[in-house]
Amino acid sequence: MIHVENLWKRFGRFEALRGMSFEVPEGSAFAMIGANGAGKTTTIKVLMNILEPSRGSATLLGVDSRRIAVRELAQIGYVSENQDMPARLTVEEYTAYLRRFYPTWDRELETSIARQLRLPRDRKIGNLSHGMRLKMALLCALPYRPKVLILDEPFSGLDPLVRDEFMEGLLGQAGEMTILISSHELGEIDGVATHIAFVDEGKVLFQESMGDLTRRFREVHVTLDGEASRPSQTPKEWMAMQMTGNVLTFVDTQFDERALGERIRSRMRDVRDIDSQPMALRSIFTTLARAARDGSAQEKAGAQ
Amino acid sequence: MIWHIFKKDWKLLWLFVTAIASLHWIAAFVAFKLGLFGEDATLEMISFYVPQIAMYGSAFLIAAIVHLEAIPGTRQDWLTRPIPRGSLLLEKFLFVLIMVEGPMFLATLLRGLVDGFSWRLCLLTTTSYILFLVFFLVLPVFAFASVTKNMTEAFIFWCGSTFIVGAFLVLAGSMNGAAHGTLLGATHTGVGWIAEVFRFALVAIAACVVVLLQYFRRKTALARFWLVVFGVLVMLSAFVPWRPVFAIEERLSTKPGAGAGTTLAFDQSRGRFKSPSGLLTSAESDRPRYGRNATDIFLPLQIAGVRNDAILLVDQAEVYLIDQKQRELYHGLGEEFEVAREGPIPSEEPVYQQIAFPMPIYHAAKDQAVGVRVDYSLTLFGLGRSYSIAALEGDERMPGWGWCKTKMDDAGANVELRCMEPGKGPICGTAFLENGSSGARNPSRSFCLSEYRPFQDKPWPDNFAHLRVNLPFRDPSGLAKFPVDGPQLPQSRVVIRVYEPEDHFTRTLVTPQMKLKDWEAQ
Chain C
1 MIHVENLWKR FGRFEALRGM SFEVPEGSAF AMIGANGAGK TTTIKVLMNI
51 LEPSRGSATL LGVDSRRIAV RELAQIGYVS ENQDMPARLT VEEYTAYLRR
101 FYPTWDRELE TSIARQLRLP RDRKIGNLSH GMRLKMALLC ALPYRPKVLI
151 LDEPFSGLDP LVRDEFMEGL LGQAGEMTIL ISSHELGEID GVATHIAFVD
201 EGKVLFQESM GDLTRRFREV HVTLDGEASR PSQTPKEWMA MQMTGNVLTF
251 VDTQFDERAL GERIRSRMRD VRDIDSQPMA LRSIFTTLAR AARDGSAQEK
301 AGAQ
Chain Z
1001 MIWHIFKKDW KLLWLFVTAI ASLHWIAAFV AFKLGLFGED ATLEMISFYV
1051 PQIAMYGSAF LIAAIVHLEA IPGTRQDWLT RPIPRGSLLL EKFLFVLIMV
1101 EGPMFLATLL RGLVDGFSWR LCLLTTTSYI LFLVFFLVLP VFAFASVTKN
1151 MTEAFIFWCG STFIVGAFLV LAGSMNGAAH GTLLGATHTG VGWIAEVFRF
1201 ALVAIAACVV VLLQYFRRKT ALARFWLVVF GVLVMLSAFV PWRPVFAIEE
1251 RLSTKPGAGA GTTLAFDQSR GRFKSPSGLL TSAESDRPRY GRNATDIFLP
1301 LQIAGVRNDA ILLVDQAEVY LIDQKQRELY HGLGEEFEVA REGPIPSEEP
1351 VYQQIAFPMP IYHAAKDQAV GVRVDYSLTL FGLGRSYSIA ALEGDERMPG
1401 WGWCKTKMDD AGANVELRCM EPGKGPICGT AFLENGSSGA RNPSRSFCLS
1451 EYRPFQDKPW PDNFAHLRVN LPFRDPSGLA KFPVDGPQLP QSRVVIRVYE
1501 PEDHFTRTLV TPQMKLKDWE AQ
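Protein sequence lines correspond, in order, to chains C and Z.
Quick note on the working numbering: the first sequence kicks off at 1 and runs consecutively.
Quick note on the working numbering: the second sequence kicks off at 1001 and runs consecutively.
So here's chain C without its partners, still in its complex pose (with noise of 0.2 Å):
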């Protein structure tokens, strides 16, 4: 459905995208998790032929993002948390606007959506709150049925009960849809993402479905009968090591419950218990991020 190949952009200097390349599959809710200035945005105005890229490609409904016009357009629904929408108008007015361009639009749905999302139509755009504003571009996504909505930064700003509405209205509607939703807030995303790519400085780090994410990743806390020490050799899939007392504490990435004890004794000796924990997703993003990090920061030192 959505497809990003070695995707670059530059603003003069600055390379806003280095070499992202991930692929979203049909029906699912992708997530793109990075911090501010990952190059989410960029990935996403690219694919919606807001920016051109310098190099790679990107595709979106199999068709090339340079090359997106009325009728895929048509099928594409856009919600962004820095959406200019004509601040004269009225909600009702940009509505019936809108209605016109889109050959799928639905009425009903669009009053259900109005309804559900507390929307007062006769108010100006340019008088709406940021939330209201959030909720009025998903308004104006979802009533002609879009097979691809991508939001960006949908939750940014917003306060819990309008980002209750603001889900409510999205699960909602989301049926067949694929979804692609950029934040750098991992709580907004639990519970609606089915995939997520791990976005940083341009690049995706990883891609994988939730399922074998938090099937993969556990903390494993190691209780020694004396002094716990760093192993002489580690697995790289073995992070965010710590050692307490006598408790040695990692994060494992190849998580496999059959084969851990086996790991750790041949690599430690006085193993008294093993306990391994799942992790939550922002336990899993901070682990990830701070090992990105600390790998871009070895290769800064390395190649100095």
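Simulated from the structure, these hints should not be mistaken for lab results.
For clarity, every value in this text was computed on a predicted model and none was experimentally measured.
Even glycine gets a Cβ: it sits at the ideal position worked out from N, Cα and C.
Hints may contain errors.
Okay, the calculated bits of chain Z under chain C, using three or more residues with CB under 8 Å as the criterion [to be verified]:
no.	region
1	1006-1019
2	1067-1075
A short, non-exhaustive set of chain C residues, derived as facing chain Z with CB atoms under 8 Å [stated by the list, open to error]:
no.	residue
3	45
4	50
5	70
6	73
7	78
8	93
9	97
10	100
11	102
The following residues of chain C were derived to be distant from chain Z, with all beta-carbon distances above 10 Å [unchecked claim]:
no.	residue
12	10
13	15
14	35
15	62
16	114
17	122
18	130
19	132
20	187
21	232
22	241
23	260
24	267
25	278
26	290
Please arrange chain Z on chain C, whose structure you already have, making use of the hints.
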């Protein structure tokens, strides 16, 4: 779809559109109230400022229309909507034509009709004026706005462009001064319209390139580059040389060959020029020209072959001063003049070619033997039509000339003749007072312009050509006596003779070796 977007734009801009339209209508109403004599000082002031404000307002309105769906930028919602770009572009252009130019069209048309001009004339001249504004205002502003994000950015760019254009004009002006007026060629001359048509073509091409790049490919950087390139070309068009442009004008002569018999020759026998003012020669000299002190010399001319009821107008006199070794000491422009042969027995006034030489050149050359060559670009006007109107309180509509009124001025010394005509109006004529019963007539006043543009090319104050001529019948100092004086006015009429350009041609005058100081004014 176009109409759908149109309605949305109207919803957003109706107040702005109405305000600018009101300004145009107010300007037209004030001009109508001013009438031909325009004696109300307040209305006069309003009629001076409001059309300019309305025109600038229109430019802002065009930018605002384009900016409703701004092209540069990445945040605009419309970019993510299935809005056909072609429909959007057409809608914008249509909206500009209807909502910006429409009120101007109506105001100009209605004013012409209310002033009593024919439907056909009003429709024709108004359409021509609106078409001129498409090239002068709509296309450049539309293209300019399409490469800017919003009004703030457009205003900053506009200020920058104005500064660059201003600096260019100052530089071009000073270079032209250094070249004694020969550098700017056809600019600001009667044949300048040919260069203007060339500029309009450039503007149209530039607008098409920029707008198509923006609306269909969103290549703002490239579009800005082309805008600058075309802007530079438009500025450089100020240097279009005179000769090829006048050659085109020659080909457009309505009666080619009519001036074939016209000759100009240096005629020493006429002697030196005597200042009509009677003042000393020194008062005539040392006057600044192109920012430098200059000394005038006057070459006596013998002009033959201008038939009766014809006027010969010098459009340009290009002067070369050449020494005995055939070196060019000076290249500049001489003063333009006209030779009128009016009436059955026209009087033959001596004609002099006035040339203002810069002081250093004059001092270096005045005592040596030099030759002067003058390349003349000339136009022969033939009498077209004659009209007459009562000298006092006359009010006539003259087909082909316009609506005229006459009255005596407050000093009781002149008959004021005021005329107006939609469009560019006539360019050459004479007017004089004539007592029909006695046959006495006062000396005629000529108002011929070296101006051959076929269209109205000024954006304000309006689409009307105005003629203001004062015909004296009494000298308040008592020195001069007029054949038609005050008491005869009730029986007198103002005669207007309209001359049409027939033939544009060139002649060259070469003087024998002479000393410049011999041809200063006496």
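Hints and how they fare:
1. 1006-1019: holds (count 3)
2. 1067-1075: The restraint on the region 1067-1075 of chain Z holds, since 4 of its residues have a Cβ under 8 Å from chain C and three suffice.
3. 45: 5 Å, holds
4. 50: 5 Å, holds
5. 70: Hint holds; residue 70(C) Cβ to chain Z Cβ min 4 Å, cut 8 Å.
6. 73: Result: holds, 4 Å to nearest chain Z Cβ.
7. 78: Cβ of residue 78(C) sits 4 Å from chain Z, so the hint holds.
8. 93: With Cβ-Cβ at 7 Å, under 8 Å, it holds.
9. 97: This interface hint holds because 5 Å falls under the 8 Å limit.
10. 100: Residue 100(C) check passes; min Cβ-Cβ to chain Z is 5 Å, inside 8 Å.
11. 102: 7 Å, holds
12. 10: Correct as stated: the minimum Cβ-Cβ distance to chain Z is 13 Å, above 10 Å.
13. 15: The claim holds: residue 15(C) sits with its nearest Cβ about 17 Å from chain Z, beyond 10 Å.
14. 35: 20 Å, holds
15. 62: 17 Å, holds
16. 114: 17 Å, holds
17. 122: Given a closest Cβ separation of 14 Å, the condition holds.
18. 130: 14 Å, holds
19. 132: 15 Å, holds
20. 187: Answer for residue 187(C): holds, closest chain Z Cβ roughly 26 Å.
21. 232: 52 Å, holds
22. 241: 43 Å, holds
23. 260: Its Cβ never comes within 10 Å of chain Z, the nearest being 47 Å, so this holds.
24. 267: For residue 267(C), whose nearest Cβ neighbour in chain Z is about 51 Å away, the distance exceeds 10 Å, so it holds.
25. 278: Per Cβ check, residue 278(C) is outside 10 Å of chain Z; nearest 38 Å; holds.
26. 290: 31 Å, holds
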